[in-house]
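Listed below are the residues making up each chain.
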Amino acid sequence: MYVVVSPRVGTPGEPFEPAEGVNVQALLDAGFIAEKNAPKRARTEQEPDKE
Amino acid sequence: MATSTYLSSPIVTVNAVDLSDQCTAATVKKGFAALDATAFGDTATKQTAGLQENEVTLELFWSFAATETYATLKNLVGSTTNVTVKATSAATSATNPLFTLTGGFLAEMSPVYTVGELSTCTATFTGGTGTYAES
Chain A
4 MYVVVSPRVG TPGEPFEPAE GVNVQALLDA GFIAEKNAPK RARTEQEPDK E
Chain B
4 MATSTYLSSP IVTVNAVDLS DQCTAATVKK GFAALDATAF GDTATKQTAG LQENEVTLEL
64 FWSFAATETY ATLKNLVGST TNVTVKATSA ATSATNPLFT LTGGFLAEMS PVYTVGELST
124 CTATFTGGTG TYAES
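Residue numbers (this note's numbering), protein chains in the order written: chain A, 4 to 54; chain B, 4 to 138.
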């Protein structure tokens, strides 16, 4: 998932969904967009099976 | 009555980057290769459409500033990308169609430095699929 950094490609902070054919790596390298890491899942420990 | 398009606020994007404020001219070519289909019995040559032959040429001011012309083009040389051109910033319509060149190849980046003038660069994107959207 990508997020807009430069107003030249959209509203900064909003998600960037590249259209088919867009060179995403070029946008990343030049700082127009950034990668947004998916939110980490809350770690849950499984309860031991009750016997 | 003759009509023409008055370019008051055209929109130009390269690889989804809006370079309208750096662009002074855009030439859009959408066409097909003309294949000779002349055969015995014909009294004149005739052609039929072959593959699409599209091209967009942009005249741009040259800038090394962040997120400007150089930053946009430097990683595109030798690769393909999308280029869009629309006559005005108004909504896309039949009278204000959006041309999209999908998969246009940028062969070179050639800035021109001239004393006493703003530096410029001509970027030509060749090949790819060209479509006009009216909505």
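Where hints are given, some of them may not hold.
[Said to hold, decoys possible] Okay, derived cross-link-like pairs now, SDA-like style, lysine to any residue, Cα gap no bigger than 25 Å in a straight line:
no., chain 1, residue 1, chain 2, residue 2
1, B, K77, A, L31
2, B, K49, A, N26
3, B, K77, A, Y5
4, B, K77, A, V8
5, B, K32, A, E23
6, B, K32, A, S9
7, B, K49, B, T60
8, B, K33, A, L31
9, B, K77, A, G13
[Said to hold, decoys possible] A short list of chain B residues far from chain A (calculated; beta carbon distances all over 12 Å):
no., residue
10, Q25
11, A36
12, A52
13, N85
14, S122
Quick caveat, the hints were computed from the structure, so don't treat them as lab data.
Predicted model only: the values in this text are computed from it and were never measured.
Just so it is clear, CB atoms sit at the ideal spot from N, CA and C, and this is done for glycine as well.
Open item on the list: Quick check for students: does the CB of N85/B sit more than 12 Å from each CB in chain A?
Closed with: violated (4 Å)
Open item on the list: Beyond 12 Å on every Cβ pair: is that true for Q25/B relative to chain A?
Closed with: It is violated; Q25/B is separated from chain A by about 10 Å at its closest Cβ, not greater than 12 Å.
Task: K33/B paired with L31/A [C-alpha distance capped at 25 Å] - done: violated (30 Å)
Task: Restraint check for K77/B with L31/A, where alpha carbons must lie at most 25 Å apart - done: holds (12 Å)
Open item on the list: Between the alpha carbons of K77/B and G13/A, is the straight-line distance 25 Å or under?
Closed with: holds (20 Å)
Task: Given hint Y5/A paired with K77/B - CA-CA distance at most 25 Å - done: holds (21 Å)
Task: Least C-beta distance from S122/B to chain A larger than 12 Å - done: holds (19 Å)
Open item on the list: Tell me if the straight-line CA distance from K49/B to N26/A falls inside 25 Å.
Closed with: violated (40 Å)
Task: Whether A52/B stays farther than 12 Å from all C-beta atoms of chain A, as the label says - done: holds (23 Å)
- [ ] Hey, is A36/B genuinely clear of chain A, shortest beta carbon separation above 12 Å?
- [x] holds (22 Å)
Task: Given pair status - S9/A, K32/B, alpha carbons within 25 Å - done: violated (29 Å)
TODO: Decide if the proposed pair is consistent with the structure: K49/B and T60/B, CA atoms, cutoff 25 Å inclusive.
DONE: violated (30 Å)
Violated hints, listed in ascending order, are 2, 6, 7, 8, 10 and 13; each of the other numbered hints is respected by the structure.
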